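Visitor: One letter stands for each residue in the lines below.
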Amino acid sequence: RKEVEQDPGPFNVPEGATVAFNCTYSNSASQSFFWYRQDCRKEPKLLMSVYSSGNEDGRFTAQLNRASQYISLLIRDSKLSDSATYLCVVNEEGRNAGKSTFGDGTTLTVKP
Amino acid sequence: GAVVSQHPSRVICKSGTSVKIECRSLDFQATTMFWYRQFPKQSLMLMATSNEGSKATYEQGVEKDKFLINHASLTLSTLTVTSAHPEDSSFYICSAIAPNPRSGSYEQYFGPGTRLTVT
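As given, the protein sequences belong to chains D and X, one line each in that order.
For the first sequence, the numbering used here begins at 1 and goes up steadily by one.
For the second sequence, the numbering used here begins at 1 and goes up steadily by one.
Just so you know, the hints here were simulated from the structure itself, not pulled from any lab data.
Keep in mind that a hint or two might mislead.
[As the list claims (entries may be wrong)] With a cut-off of at most 30 Å between alpha-carbon atoms, the simulated DSBU-like pairs for lysine-lysine come out as follows:
| # | chain 1 | residue 1 | chain 2 | residue 2 |
| --- | --- | --- | --- | --- |
| 1 | X | Lys-55 | D | Lys-2 |
| 2 | D | Lys-42 | X | Lys-55 |
| 3 | D | Lys-111 | X | Lys-55 |
| 4 | X | Lys-66 | D | Lys-79 |
[Unchecked claim] Between beta-carbon pairs, the in silico distance windows are:
| # | chain 1 | residue 1 | chain 2 | residue 2 | range |
| --- | --- | --- | --- | --- | --- |
| 5 | X | Glu-63 | D | Lys-111 | 40 to 48 Å |
| 6 | D | Cys-40 | X | Ser-5 | 44 to 52 Å |
| 7 | D | Val-13 | X | Arg-10 | 30 to 38 Å |
| 8 | D | Gln-31 | X | Gln-42 | 23 to 31 Å |
| 9 | D | Pro-10 | X | Thr-117 | 44 to 52 Å |
| 10 | X | Ile-12 | D | Gln-31 | 39 to 47 Å |
| 11 | D | Asn-12 | X | Pro-40 | 16 to 24 Å |
| 12 | X | Asn-100 | D | Arg-76 | 41 to 49 Å |
| 13 | D | Leu-80 | X | Ser-5 | 27 to 35 Å |
| 14 | D | Pro-14 | X | Glu-52 | 42 to 50 Å |
| 15 | X | Asn-70 | D | Lys-45 | 25 to 33 Å |
What you are looking at is a predicted structure, and each value in this text was computed from that prediction instead of being measured.
The beta carbon of each residue, even a glycine, is placed where N, CA and C say it ideally should be.
Isolated chain X (complex conformation):
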């Protein structure tokens, strides 16, 4: 099936610094990617929809100036957590929609996630 990668897989940073997370679609083009966040023992919460060549669409309660999203190409979306604070520590996961050649339908493929720890 389609492959989505994320980098880095794990990052530790100091409070006040910025961290960039990359999400790549490896064998398909993704005009739309999605960024989720998952806190311990909670489910995934959609943060924003990343649209290639245009501004991201943020979910209610997500600060667009804090979580900067850039989708500059059909295979790469980046999420930058600016001025990170300990409460931003979380598991960040991206996803993209791609056709499943076996079923003929579209499926959502998730990246492996990035575990961010802000100290």
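Chain D on its own, in the form it takes in the complex:
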């Protein structure tokens, strides 16, 4: 079983749609959680950190459920520019802080 598992996708949605991505992690020592965006043949870029209290940044909302070891990302009012691969990323703390474990990513294509 992979340490970080994501929806396999791909997701093809029309502009304006709401889309949700799910992610689960298996390492209970995980302490930091992130969603990254990766465009084709580019490096990952941080989209947002994920906190237990949930956090929102414009059209993007991220949620963390530590008990279920589950992370989600909700994108509202999808734009064409949201088309990318979304990576769920989990870090440990302490000595292993900074060592990121990546999910395989979920590809989103927003169509006109």
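Once you have looked at the hints, place chain X on chain D.
Guide: Relative to chain D, chain X alone:
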């Protein structure tokens, strides 16, 4: 935010040769950098943790004699792929941890990646 650069961005080499990839932190000091590899349609896999002034820590299954890492200064880590083979063709990405002045927390910043093709 913090900037991490990589050089070269793209390299093509012949099988059996060695290739060096540089990773630099441009506006901050990084005692630790990380090297990842990404094959097509797969996610990033951590190869090793590069520690300034000491030996790198390799992940299970990564050959330390094949992927030589040198972190000689606080702003530079190098990855040398020795005796490259076509199966080493991949996208190599480095990262470093730096404080985000806006949030006050530490974030991981990725270099733009190096696309290696071994023929």
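Visitor: Hint by hint, say whether it matches the structure.
Guide: Checked hints:
| no. | hint | result |
| --- | --- | --- |
| 1 | X:Lys-55 - D:Lys-2 | 28 Å, holds |
| 2 | D:Lys-42 - X:Lys-55 | 29 Å, holds |
| 3 | D:Lys-111 - X:Lys-55 | 48 Å, violated |
| 4 | X:Lys-66 - D:Lys-79 | 43 Å, violated |
| 5 | X:Glu-63 - D:Lys-111: 40 to 48 Å | 43 Å, holds |
| 6 | D:Cys-40 - X:Ser-5: 44 to 52 Å | 20 Å, violated |
| 7 | D:Val-13 - X:Arg-10: 30 to 38 Å | 33 Å, holds |
| 8 | D:Gln-31 - X:Gln-42: 23 to 31 Å | 25 Å, holds |
| 9 | D:Pro-10 - X:Thr-117: 44 to 52 Å | 26 Å, violated |
| 10 | X:Ile-12 - D:Gln-31: 39 to 47 Å | 40 Å, holds |
| 11 | D:Asn-12 - X:Pro-40: 16 to 24 Å | 20 Å, holds |
| 12 | X:Asn-100 - D:Arg-76: 41 to 49 Å | 25 Å, violated |
| 13 | D:Leu-80 - X:Ser-5: 27 to 35 Å | 29 Å, holds |
| 14 | D:Pro-14 - X:Glu-52: 42 to 50 Å | 49 Å, holds |
| 15 | X:Asn-70 - D:Lys-45: 25 to 33 Å | 27 Å, holds |
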